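Number of protein chains: 2
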Amino acid sequence: MAESEKPCNLHVDYVIRYSFGNAEQSQAIAQLEKLLQSLAQVGLQAEVRQGDESSLLVFVRASEKRLKRAVYRSRVRDWLYGIRNSEPTSSSSTETQTEAERLRVVHQMITHSNEEGGAGITPNHGEWKDVTALFPLHDIETNKTWMRDWSKKTFLSDDDLDQIRNKFGESVGFYFSFLQSYFRFLIFPAVFGFSCWFLLGGFSLIYTAINCLWCIIFVEYWKRQEVDLSCRWETKNVSVVRTSRREFKPEKVVTDEGTGEKLGVFPATKRMQRQLLQIPFALLAAIALGAIIATCFAIEIFISELYNGPLKTYLIFIPTILVSALVPTMSAILTSIATKLNDYENHETKDAYDVALTQKVFVINFITSYLPIFLTAFVYVPFASLIVPYLDVFHLTVRPFVSKEHAVAKQSHFQIDPARLRNQVIYFTVTAQIVGFAMETIVPYIKQHALRKYKKYNKERNGKLERNGDKESPERPVIVFDDPVEEVQFLTRVRNEVELSDYDVTDDLREMCIQFGYLALFSPTWPLVPLSFFVNNWVELRSDFFKICMEFRRPVPLRTDSIGPWLDSLGFLSWVGSITSAALVYMFSGNAQHGPNGEPTEIKGWALLLTIFFSEHLYLIVRYVVRAAMARIEPPNSRKERADRYLMRKRYLESISVESDERDDDEELASQSEAPEISRTSLEDDARKASLHGADPAARFWLHQRGWTESAQVGAGIIQAQPVRGNVKKQQ
Amino acid sequence: MAESEKPCNLHVDYVIRYSFGNAEQSQAIAQLEKLLQSLAQVGLQAEVRQGDESSLLVFVRASEKRLKRAVYRSRVRDWLYGIRNSEPTSSSSTETQTEAERLRVVHQMITHSNEEGGAGITPNHGEWKDVTALFPLHDIETNKTWMRDWSKKTFLSDDDLDQIRNKFGESVGFYFSFLQSYFRFLIFPAVFGFSCWFLLGGFSLIYTAINCLWCIIFVEYWKRQEVDLSCRWETKNVSVVRTSRREFKPEKVVTDEGTGEKLGVFPATKRMQRQLLQIPFALLAAIALGAIIATCFAIEIFISELYNGPLKTYLIFIPTILVSALVPTMSAILTSIATKLNDYENHETKDAYDVALTQKVFVINFITSYLPIFLTAFVYVPFASLIVPYLDVFHLTVRPFVSKEHAVAKQSHFQIDPARLRNQVIYFTVTAQIVGFAMETIVPYIKQHALRKYKKYNKERNGKLERNGDKESPERPVIVFDDPVEEVQFLTRVRNEVELSDYDVTDDLREMCIQFGYLALFSPTWPLVPLSFFVNNWVELRSDFFKICMEFRRPVPLRTDSIGPWLDSLGFLSWVGSITSAALVYMFSGNAQHGPNGEPTEIKGWALLLTIFFSEHLYLIVRYVVRAAMARIEPPNSRKERADRYLMRKRYLESISVESDERDDDEELASQSEAPEISRTSLEDDARKASLHGADPAARFWLHQRGWTESAQVGAGIIQAQPVRGNVKKQQ
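Listed in order, the protein sequences are those of chains F and H. Mapping of the first sequence onto my numbering: residues 46 to 777, in sequence order. Mapping of the second sequence onto my numbering: residues 46 to 777, in sequence order.
If you're looking for bench data, these hints aren't it; they were derived computationally from the structure. The reader is advised that the hints may include incorrect statements.
Pairs count within a copy or across copies, as identical chains cannot be separated in the list.
Said to hold, decoys possible - Using 27 angstroms as the maximum straight-line C-alpha spacing, the simulated DSSO-like pairs for lysine-lysine come out as follows:
id, residue 1, residue 2
1, K297, K395
2, K685, K297
3, K592, K500
4, K695, K110
5, K685, K395
6, K315, K385
A quick note: this is a predicted structure, and the numbers were derived from the prediction, not measured.
Pulled out of the complex, with its shape left as it was, chain F reads as follows (with noise of 0.2 angstroms):
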């Protein structure tokens, strides 16, 4: 491992957080005592230095024999659950081992419970409460390399991949590798969009055709990347070593019959019903953030086209205001309850959790992101001028300041502004996207900063007011700078990423998967939209790699085999797109250039219903059969890992036959020099041994003819006792 020769971080594997603030000062020793001793036990060495008024920092670094024999275990469990193909030797410890695998096994080591062979320290849970971080520390000097080596790419290189794995672990890795993948196949969308766009126009058929198609295709083919990084990246079948949720409370422990273990048992049946608790969920969701929505767009539309009194020019950001403060309200509100659900659910291992919590979190997500267009396209553009009408009997409180007949008149002529849908469009798509950009990474860091020099500051002018004032504890400041002169600057890095919190790639993939949405449900509207993502996918890669190098502490590397849960709301999106295409399509392709005039009559129900029935169905054939081709294609490292596995068996097939072989050919010598012994010995005495065998028919029947010479003079007999007609026939 070339980064193991610099010493960089000073070995350290692990940096516990140890918070001594809320316990007594007797209690917090003997805790700390506990844990050191627990690392101790299991081969890891520590250091203590001091975090901040509360808390102290323990490095921790495992010793390389006990990480050996660790990283040996894990191995050998992963050949047993079918994840590596090969089975480890003691010896083949000395492989290449990944940095990642090393900070994966290390984390185990102290997170495993005792039966395992681990120092059960679990982090903000039970007696380890105090335990408040446990994190790998940055690799800074790399970091910045690749941020420098990226910013002049356009694609990563599958090195520049396998080296995030090697870092972050997979988990971290696949979600690159998707970005990657996904920034790759925009290329084609991203040109042809704008192709069309130039020449088309919006809602055009022939993007939406092949925009619908190339999302199946991107959906299929990352179906098939991602068995095949998970075999390059050896995790293939990682999801079946379920590690179990702590929180999980069983119903009753049952001894299985089976293994002879003690388990936690609880009903699926019970499960389920609570999980049925997921339908008023998800009506709850969306009548709470529909209402939301539909009230906000109804008051926008009402004043943007219905209203003209005074102050319109202040009016009209009323909605927005709204929107941006209560539908993120409610939306934390809704996540919160949905964690609450997905609590109660009480799901066994942390995967299922983590899908059903997906789940859930995805349908706030749909109807937050998509909810305003499909209220503009499907409700507004259709029923407007019946709809628009009563939305002055809701706001009577508006009325005082218009004049009736003002209204009246308004209301007589009112005209669907046909541009809505596409700037709403143009809104999500690029506009959100470079808030979201700015919220997600600018911001952060800029607090980030802030709030250190405002610490700094803060430090500064305490330590002045107490070397001025004198105050309780004279050693504070002492502590404050008991560091050793070499350490100082490790110290001080080590304790601002402490204060950072724990990166969970699921937001990302979020923000990736509803991104697509947008792609394949609304992008025949405004065939730049790909161009936009091309264009934002590109930051993001990187900004991504900043955000987490820099906002976040190092995540602890976990394995996984694919995107999870993800990949289904990809192919739901997908699959809505067909329908929602097709619609928009039918309803606006024909009077593109002038918008539609909102007649619902002008929109045939049938005709509409019958493109959707039609796209969709197109949509599902074509699916079937890119599946099919795709299955039939073996990419690379699927290829490799079966011909591995394939020699595997046939090596060990091949010591099995050649033993047996050896066994058997000395016996195999012995009967063939007896079988034509017996085949000399004459008809008699055939008989004369039938008769011995006397009473069983089924010997007697085996012991006509003795070995195959004797049966083919047989039959010999039989065919030249034939006429030969047949041949004759032949021959002539």
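Following the hints, put chain H in place on chain F, whose structure we already have.
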């Protein structure tokens, strides 16, 4: 094995029919010698007897020793491919062996290539084209017992199914299991359908919804059941062990880089191009069959509802006769085209070939089975009054018989026959099932017996003639009666069995699948459909067993872990059912009493499409939920399988950790006794060491605290140095 105690079939494992009629005598004898020698080389004992005038019967049995070795090899292979969980030991070949396993392994010994350790005999192919049959013998006693027992039972027990599997192999076992599950599942819709029919009549919304739900549950249940059965029968993942097709023509031979094997390669893209021919094929099938069916349908409607001229009583049979004659002919032609197409696709494995063929045949079956009803429901009923007048134009030739006025009068008050749809469904679900049963079971049985009688009569007559006339081959009568007296009965039976044809489980599966289709697609029309099928399938289960035992050679046991592509067909039919059912209910339920009056304007296009849209998507959502729910419930055998696997892994891991722990415990003790010593060394000592290590800051970092006790002391110092504010507050 209980069966092996009584010498059923004189211990014969397989019978080979060697036909020598087509080759020269000397060649035939040489090839026979080769056959017998090949068999002997792999340890198979053979006895030759006369078959008929142009064939020999070679009876084969495996020597126990060689069989044991082959069983062991086969089991090791299974273990390597993850089909078995436990590694078989040589001694474990004493494990209970089923008859099916024995026959399967012997079959492998005969047919596998020399490299794989078999005799390399490939019936009907290549140099072994004269080996025209290879089959095991029926176990007549057991078959009779079972048939008697089952006729008294309603349901077969799991034990019965296990026994079928033990006798005939997993593929037949899976068919009977499926049939049994389907039969058992039919109880509910049979009862419910009867109640609905009695209380609500046809086209009831409740019946339709419940029927769709039932279809989903059944298909998903069977999916789980399949997995469970494959665990029970230890055939999980058996499809991974792909047997290559002999007919596969590789385009080029490539040496695999990974494995170093020479592999015949056929590019997947080329195969896909060839598979595109399926589209014109499907169109051709649809047009060819559709034209026949639609024409006959039109003729029938014309004759029965418009025509009123002479000979009507006889003419009415014309379309039925035409359909009965043309549809099977066209199906046969299309099936042969499908087979040719499939051959042309050049599949590498037998499984892939079978799946591809099944798909093609399914298209043909779908059209022949369901198109007539589709035409009635979705063309005749809504559009009859538009189309019927044109029928007369097609049939100008019929006019002379009809008085012009009469025809016109008839046309003007043309009335759709409301009972037509129901009658058609009844025809397909009752009459056609009975006819099918007769055609597939009773008729062949009678034919067989008649044929045997005729042959016997013929032979006797020939014998007489020869005894009287002394023709060119005086030996012939001698050969016919050359059987040893005690074997006459046995050999007669074998000669009868050799005349039978090979059983293919696919045909029976297809029949059931098509039957399920009627239930899913059209049963709302007449809710007694499931009751009819319930009765039919009680008979079917027994008659199919009777058929296998009496009308076919005993099938060679094949392993499988599912019913194959038919499962997908079931899912597809159930999906299409959600569309057709909804459409039927919408179109007919309103006027169930007096039938639709056939005005297409009465049926609102958008409402029909909306009904279909909702029904289909509701179906998909419910299917998703049912699938998710089913996935949570682990069937018993899967659980057992998982427990076994877990135990195996645990044992292995324990063996490793005990081993390495023992080794390391000593080292541990040594290092622990060393640690306190170091911790006792003074800080000055450390400082000296640090200066010794000099330049390396990492080494210095880790030398501050030696042993966990020192770290704890340092930590305690820091904690105690903090002001106790927090604690004081807490204690107050």
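We went through each hint and held it up to the structure:
no., hint, result
1, K297 / K395, "within (20 angstroms within a copy, 48 angstroms between copies)"
2, K685 / K297, "between (45 angstroms within a copy, 20 angstroms between copies)"
3, K592 / K500, "within (22 angstroms within a copy, 88 angstroms between copies)"
4, K695 / K110, "between (34 angstroms within a copy, 23 angstroms between copies)"
5, K685 / K395, "between (31 angstroms within a copy, 23 angstroms between copies)"
6, K315 / K385, "within (17 angstroms within a copy, 53 angstroms between copies)"
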